[in-house]
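Enquirer: Each chain is listed here by its residues.
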Amino acid sequence: MTSPEQFIDAVLRRQPLRRAPAGFEARVLQRLAQQAARPWWVQGFSRWPKAAQLLFLPLAIGCVPLLFRAAGSLSAFLQSARQSAPLSAAESAATTVGSLGHTAQTLADVVMREIPSVWIYGGVGLAALLYAALFGLCAAAFRSLVLTPQHAPY
Amino acid sequence: MRKYQDMVYSTAARLSGNDAQAEDIAQEVFLRAHRRFEELKDNPRAAGWLKTVATNLTFTHLSRYRKRWVFFSQLQSQDEDGDAPEHEFPATESVSDEVQDDERHEFVEAALRALPEHQRVPLVLFHFEEMPYEEIATKLRVSLPKVKTDIHRARLALAGILARRGITAAQLEA
Numbered sequence: 001m002t003s004p005e006q007f008i009d010a011v012l013r014r015q016p017l018r019r020a021p022a023g024f025e026a027r028v029l030q031r032l033a034q035q036a037a038r039p040w041w042v043q044g045f046s047r048w049p050k051a052a053q054l055l056f057l058p059l060a061i062g063c064v065p066l067l068f069r070a071a072g073s074l075s076a077f078l079q080s081a082r083q084s085a086p087l088s089a090a091e092s093a094a095t096t097v098g099s100l101g102h103t104a105q106t107l108a109d110v111v112m113r114e115i116p117s118v119w120i121y122g123g124v125g126l127a128a129l130l131y132a133a134l135f136g137l138c139a140a141a142f143r144s145l146v147l148t149p150q151h152a153p154y
Numbered sequence: 001m002r003k004y005q006d007m008v009y010s011t012a013a014r015l016s017g018n019d020a021q022a023e024d025i026a027q028e029v030f031l032r033a034h035r036r037f038e039e040l041k042d043n044p045r046a047a048g049w050l051k052t053v054a055t056n057l058t059f060t061h062l063s064r065y066r067k068r069w070v071f072f073s074q075l076q077s078q079d080e081d082g083d084a085p086e087h088e089f090p091a092t093e094s095v096s097d098e099v100q101d102d103e104r105h106e107f108v109e110a111a112l113r114a115l116p117e118h119q120r121v122p123l124v125l126f127h128f129e130e131m132p133y134e135e136i137a138t139k140l141r142v143s144l145p146k147v148k149t150d151i152h153r154a155r156l157a158l159a160g161i162l163a164r165r166g167i168t169a170a171q172l173e174a
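In order, the protein sequences belong to chains Y and P. Going by the working numbering, 152 is the number at position 152 of the first sequence; the sequence numbering is gapless. Going by the working numbering, 57 is the number at position 57 of the second sequence; the sequence numbering is gapless.
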């Protein structure tokens, strides 16, 4: 007499591996070729070249004051142009955008001048900390509510 | 890849019970392995890594239905409180000894696919992946008694299907 456990174990132990479908290997290789053909900047940040990863953050941060300056310059240019000629709708819209940029730049200047730099850096640090905490909380909630423990990255 | 593709595909197919899904999962496993090729190429644990990733990705696929599955399987467990009686399978000569190995293997795979997911998954983890009950319970986030009950019921169901086809212990021993 054989128990169900022994019987099923014997049956399943005799099962050979399922054969992967014909063309499976070709499909995977094709997908790999497609992925390799994509330029690096289209791929995930983790697969960017190391140099690009290292340069990205300072460049991204450095762009912010440049954008403020560009917006301020645009605003000044449009104001001087308005004095010499009537505005079209497009120019008017551009003036509005420029004014907003100018205002933002002025605000940034005031903030930098009036608020001690320690407070600013402290605020930025606190914001980063809160962001990291929120990110961690969301990740923990996602893992415990949506995924089971074995789904954690290996 | 040739060396491991059947293993990866088998793991995904048996756990998911869906061949098309298994193919997608197996592909994803090899794409991930390719990203870690340097790490894995001479690693004796590459097979284990591939199997773990295949299992995890299959769970991710299954997790879409997981809550519903846990809910309904627990409702069912409450209705059928207690273990099903232990059946014995007589080791007598089968009427269908002529069933060829290949046919039997295909039939067993089909029978596995026919099992409800809450029975098939722990059964496959126990018998194919050789996971202990405790680890299965942790992985599936269900209680240990439930894992044991589900596996027991899966065995009975599978044995019943096989018996109707004439696949018996005696035939296996022959």
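Since the hints were made in silico from the structure, they are not lab data. In this text, a Cβ means the ideal position worked out from N, Cα and C, and glycines have one as well. Check each hint, because a few of them may be wrong.
[Said to hold, decoys possible] Have a look at the derived ranges for each label pair, beta carbon to beta carbon:
#	chain 1	residue 1	chain 2	residue 2	range
1	P	LEU144	Y	VAL118	51 to 57 angstroms
2	Y	ALA127	P	ASN43	40 to 46 angstroms
3	P	LEU31	Y	LEU54	23 to 29 angstroms
4	Y	ALA132	P	ALA163	57 to 63 angstroms
5	P	PRO44	Y	LEU130	25 to 31 angstroms
6	P	GLU130	Y	CYS138	22 to 28 angstroms
7	Y	ARG13	P	ASP42	26 to 32 angstroms
Enquirer: Holds or violated: the 51 to 57 angstroms window for the beta-carbon distance between LEU144(P) and VAL118(Y)?
Expert: 56 angstroms Cβ-Cβ, so the 51 to 57 angstroms window holds.
Enquirer: At the C-beta level, are PRO44(P) and LEU130(Y) separated by a distance inside 25 to 31 angstroms?
Expert: violated, 45 angstroms
Enquirer: When you take the CB atoms of ARG13(Y) and ASP42(P), is the distance between them in 26 to 32 angstroms?
Expert: Cβ of ARG13(Y) to Cβ of ASP42(P): about 30 angstroms, so the range 26 to 32 angstroms holds.
Enquirer: State, for the Cβ atoms of LEU31(P) and LEU54(Y), whether the hinted interval 23 to 29 angstroms holds or is violated.
Expert: holds, 26 angstroms
Enquirer: For the hint 57 to 63 angstroms, verify it against the beta carbon of ALA132(Y) and that of ALA163(P).
Expert: holds, 58 angstroms
Enquirer: Could one say that the CB atoms of GLU130(P) and CYS138(Y) fall in the range 22 to 28 angstroms?
Expert: At roughly 35 angstroms between Cβ atoms, CYS138(Y) and GLU130(P) fall outside 22 to 28 angstroms, so the hint is violated.
Enquirer: Within 40 to 46 angstroms or not, the Cβ separation of ALA127(Y) and ASN43(P)?
Expert: holds, 42 angstroms
Checked against the numbered hints above, the structure breaks hints 5 and 6 and satisfies the rest.
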